[in-house]
Amino acid sequence: MSDKISVCIVGSGNWGSAIAKIVGVNCATLPQFEKCVTMYVYEEMIDGKKLTEIINTTHENVKYLPGHKLPENVVAVPDLIDACKNADILIFVVPHQFIPNFCKTLLGKIKPNAVAISLIKGFDKAEGGGIDLISHIITRHLKIPCSVLMGANLANEVAQGNFCETTIGCQDIKYAKTLRDLFQSQNFRVVVVDDSDAVEVCGALKNIVATGAGFVDGLGLGDNTKAAVIRLGLMEMVRFVDVFYPGSKLSTFFESCGVADLITTCYGGRNRRVAEAFVKTGKTIAELETEMLNGQKLQGPPTAEEVNYMLKNKGLEDKFPLFTAIHKICTNQLKVQDLIDCIRNHPEHMMKTQKSDKSKGGKGGKSAGACVKKPSYKAPTPCCQPKSGDDTQKCKFHTFNYRVTPLKAKNVTFRLVPKGEKKEFAIMNASSNNMYLFNGFRTRCGKGLPLGMRALSGASKPVRALNTGLGVLATFCAYKSAKTNAK
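Those letters in the sequence shown? Residues 18 to 504, by the numbering used here.
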């Protein structure tokens, strides 16, 4: 990048114009940025005048963000290449369907050392099947790194200056501070994480769940049902990321891009509103999109189609009944009244009964906790226990090196936690409920670590296990344990 960082906003819809208010002010006041911000605007005629001319003279996007003044240093440009050619940072905020063609147009026409950040919530279909993340498409076609920004950010509320949070997923730490400074304001607070794929997937999948929430509203089923749909939607989001983007962190779902964005979209977003109208009016999704959105595009139904394409190819539709039902309702394969029947026997509701344990609870008695949630994986039994001073432990199933820091505690629980090519020891002090994590290297082991335990991994000091109220950690942490003493 040059000494002064030049910024271009690619897109000028409702969200693009709202974010232009923040970016414009920051570029005008922070010394590291060029003052002038170019904004690519698709040229339209509004009451006989060009939209770009209206924006550059009145500093208002009268079509997509009426009533809000844009900073005077934000300049509308109708030509895509002219808007982008001198930019060091490209902010992509257009409907995801347009990205492939935009990238083809810009290839070879932008600075080779430019970086991109996508504010686009959606997927694209990959050639030969599957889904493609928008940030991956931008990186692959333009040969530049691409971060993502997702969060509970309804555009009109951001434009009004209401307090909110957002999440930037950035894999390269050298760009993290610059991107944070570009977007952060007093009422738009930014958290940067390196789990960019999970951040982006959350931003796309929540639109599917919001469509389902709109169906519930249209049917008049009430807040309890809507809360159940939101919770099941969150669980399917977690499972989808775990299946298709392994290595992501459960903690990402508790950033603004996850739970917060899901909640606000299910109560206030366009996907929810159109889905509710779909039930009440009997009109098609396409008709309602034209009537209600003033040229904006829905993300929920097309994202549901792209996700279903991936699930169907892998035979996983029954593992994601909510996503599947929403897609089939949008494509008239199911009646909207069938939604609840499709999720009534959701995998999240499946239970198993433990066998009686006569050794506990007295003669003929049963063990406490007759039912537990059935894990969706088989965890390896920790057959190797660390011994102070040893370098390795071996058994039939595991071969690993480890490093253990002695604890001043007795009667602690040792768990073997495999993770990709690494493993960690998690030692639970039963008296204080503190989780102690010790890094080590695993050379050979069985199943990989589920998403939930990865969230607790990576710490070198005691951390207290989170009580999320969603049963996520309790499910994922259901490993068999063995007792050992720490010296």
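Honestly, I wouldn't trust all of these hints.
Stated by the list, open to error - In silico DSSO-like links for lysine-lysine, alpha-carbon gap of 30 Å or less:
no., residue 1, residue 2
1, Lys314, Lys331
2, Lys297, Lys86
3, Lys21, Lys128
4, Lys80, Lys102
5, Lys126, Lys67
6, Lys21, Lys266
7, Lys352, Lys266
8, Lys266, Lys297
Unchecked claim - Ranges between beta-carbon positions, derived for each pair:
no., residue 1, residue 2, range
9, Gly264, Lys52, 35 to 43 Å
10, Ile98, Glu70, 16 to 24 Å
11, Met62, Pro112, 38 to 46 Å
For the record, the hints were derived by calculation from the structure and aren't laboratory data. Even for Gly, the Cβ is constructed at its ideal location relative to N, Cα and C.
To see whether the hints hold, each was checked on the structure:
no.: 1; hint: Lys314 <-> Lys331; result: holds, 28 Å
no.: 2; hint: Lys297 <-> Lys86; result: violated, 35 Å
no.: 3; hint: Lys21 <-> Lys128; result: holds, 14 Å
no.: 4; hint: Lys80 <-> Lys102; result: holds, 26 Å
no.: 5; hint: Lys126 <-> Lys67; result: holds, 25 Å
no.: 6; hint: Lys21 <-> Lys266; result: violated, 35 Å
no.: 7; hint: Lys352 <-> Lys266; result: violated, 36 Å
no.: 8; hint: Lys266 <-> Lys297; result: violated, 39 Å
no.: 9; hint: Gly264 <-> Lys52: 35 to 43 Å; result: holds, 40 Å
no.: 10; hint: Ile98 <-> Glu70: 16 to 24 Å; result: holds, 20 Å
no.: 11; hint: Met62 <-> Pro112: 38 to 46 Å; result: violated, 20 Å
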